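Keeping the supplied structure of chain X fixed, place chain B upon it in accordance with the hints.
As you go down the protein sequences, you meet chains X and B in turn.
Each residue of the first sequence is one higher than the last, beginning at 1 in my numbering.
Each residue of the second sequence is one higher than the last, beginning at 1 in my numbering.
Since the hints were made in silico from the structure, they are not lab data.
Note that the coordinates shown come from a computational prediction; the quantities given were computed from them, not determined experimentally.
Every residue gets a Cβ at the ideal spot worked out from N, C-alpha and C, and that includes glycine.
Hints may be right or wrong, so weigh each one.
To be verified - Keeping only pairs whose Cα atoms sit at most 27 Å apart, straight-line, the calculated DSSO-like set for lysine-lysine is:
#1 X:K3 with B:K393
#2 B:K373 with B:K328
#3 B:K328 with B:K377
#4 B:K328 with X:K107
#5 X:K3 with B:K328
#6 X:K3 with B:K373
#7 B:K316 with B:K374
#8 B:K255 with B:K316
Claimed, not checked - Just so you have them, the derived chain B footprint on chain X, three or more residues with Cβ under 8 Å:
#9 184–195
#10 198–205
#11 295–303
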Amino acid sequence: MRKELGTFVLLAVLCAVLAYLNPSFLAPVNLQNLARLIGIYGIFSIGLGIVIITGGIDLSVGSVFALLGVLLSIFLVQRHWPAAIAVLAVVAITTLLGAINGFLITKIKIQPFIVTLCGLLFYRGLARFVANDETKGFGAAEGFETLQSIATGTVLGIPTPFVILVVVAALMWVVLHRSVYGRYLYAVGRNETAARYSGINSDRIIASAYVLSGFLAGIAGVLLAFYTNSISPSSHGNFYELYGIAAAVLGGCSLRGGEGSIIGILIGTALLQVLQNLVNLLGIPSSLNFAVMGAVILIGVLADQLLQQRRAARLGK
Amino acid sequence: MTPILEMRHMTKRFPGVVALDAVDFEVLPGEVVALAGENGAGKSTLMKILGGVYAADDGSVSINGKSASIRSVSDATAKGIAFVHQELNVLHNLTVSENVFLGREPRIARFLVDRSKLNIDTETYLKRLGMDLPGRTPLSELSIAQQQMVEIAKALSLNAQILILDEPTSSLTLTETDRLLNVVQDLRSQGVSIIYISHRLSEIEMIADRVVVLRDGKNAGTLQREEINHDGIVKLMVGRDIERFYKPADHVESKPFAEINNLRTRRYPEKPISFDVRKGEILGFAGLVGAGRSEAAQAIFGVDGRVSGDISLDGKRVDVATANDAIKNGIYLVPEDRRVAGLIVDVPVRENITLPELSRFATAGLIKGDEEKKTAKAMCEKLGVKTPSIETKAANLSGGNQQKVVLAKWLSLDPRLLIFDEPTRGIDVGAKAEIYQLMRGLAESGVAIMMISSDMEEILGESDRIAVMHEGSITGVLDRNEASEEAVMKLAVGRTE
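Isolated chain X (complex conformation) (with noise of 0.2 Å):
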């Protein structure tokens, strides 16, 4: 609780200043496209908390992101799918990429780092291979525009992704800290040896993480996609999985496993998207984008170990 409440305030202190600095970060448009990309990278964010919360890692999220938009663009656009087969299509398709992933994790035991590494390559230079690298878009959304309406809409003013998210989270946060399911999660990510003692298949629920990991990112895939509405196959997704994975160290979760929550992710994912919108508002040239959220998160980081070793201090004297 203590390490999200110190990103919290971290996120706090950086809307004040931001909205101090420059008022129209709070006009509502700003607000609700904010809302809109929290919601986007907050669903697949929650899924790479969990599979870091097993002690793993997910570097494919990016490269799937673009595999998923070239197809859903083929779907719908050039074989004329309904609307729902496309999306069910596109998400089982990221499913099956996690459990893939989870397969060779725990039955071939590849390292997560490098099985997900080889994903992070193939699926993107499959994506550019099935667009034969061009550029792929869904265009005026003829004969999906619910779809669209749906992922790029707003419910009561709220943006449909944002909505979505709210959903996902409170669903995983009763998964992940009220259930059986969750305990073991948590319990693999601490000490998988300890677990399989106590009679936990450790494997099983490993692979779980990243198969749920693939339908998030299916889910947050098939939104991103009509966000930019169009689907660049070498840059689209690029450098999402950091993205995550940055989420869910801001929001507490240890890369050693065994740590962090749902609120945590949130809090962290919503602290990029500020800072992002932090470079943008203060005209701060757009090529320091990553400079400035590089050294953010490091000072972040850098700031909670110092808080926790002024506290081990205090208790070992």
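Below, chain B without anything else, positioned relative to chain X:
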């Protein structure tokens, strides 16, 4: 004779505890001083002050009659104090020589390591310890006992005058222990002073010139060579007489309850073993480290894939492919390494206790917190787990209480065959007695118990029958009345005639 080390009025406070309260401690040149006491008595705090890990709040240290201030580990090293910890500080990816001279490698032209000098110097020190081993051997090829010798060689290479050995025999076999005790005697005759910390009182009896006993952070008493005996040490440690532990089984069924047939483990696939455990008895498993006892236990519990073999309980065959299968059938394991396999040390006691069969406390997959808490609390009370709360992390409990938490995991279920692997390793005398009582109580309530132990006192004192293993085979099963240290040892080294 001037003491080589004199510590006076050593005091150290931690929040809420006085770990050391005006403790005096001295060591003469060429003397083996055993430091005894229950866990938490202050032994390791005292030694950590001497080793430069902690700073004392009060007290003075003199070395060779001169007042000395030890502020860091390197201060301690410079003053000739070397500490061989229970958990060895060796790097498995380096060679023996590289370990001995880590950070102090002889150089050529300041830049290159002088390999031949490195190896020759190392081998000289190893020879002093009776070890004939090339210095270039990779450390990973060494047994634990040999790795420990490497650490002692390192101490010698640092010209250690005072060598602290903390629980040096806890992972050694009996023969390795004998060898270590010989080395300690050799070092003493070479003029090195040794501070020997151990829970194994028989070793202390054999080797110590003097025993200093601490209790609750204070000096409890000192025994000179001629006064040293088991009961005397225990009396000082606990401050009262405690009865010998063994209480015979009062009702053992004559027919086998758990039958293990032709069990072949991954480590010894060529050597099938068969044995049975009866309801109400404690079947001890003796043998040297590496005899295959833990592997057999893990195979029965389903955590280490067994190659083949049948397990039946009460005449019915049970299929155990995973730990979950074993648990469903009432077969539980209290593993050897409780901090790695027994507990998740970073989570609360409550979560540890309820982890197996967590679904008992859930409806539709959601945990009912109240019921979980009630069970955890009830189990802690039943087993006398001393913990501030059920929300305390398991890591913050003493060894004995951690072991009780591991037991609590299983006792809240319905044990039929309970396997203990080194149940009291690193646990102090008082908590040991409690674990034995629990074990006996379980046996009496009709649970079949297997107890693997490398502690001869424990094996002879607690078992109703003793199975002895040697290199993967069971070389004999002794009844209580034919069991003796000699009989067990004979079987453990593989003499079956």
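Broken hints, numbered, in rising order? Hints 5, 7, 11 contradicted; others consistent.
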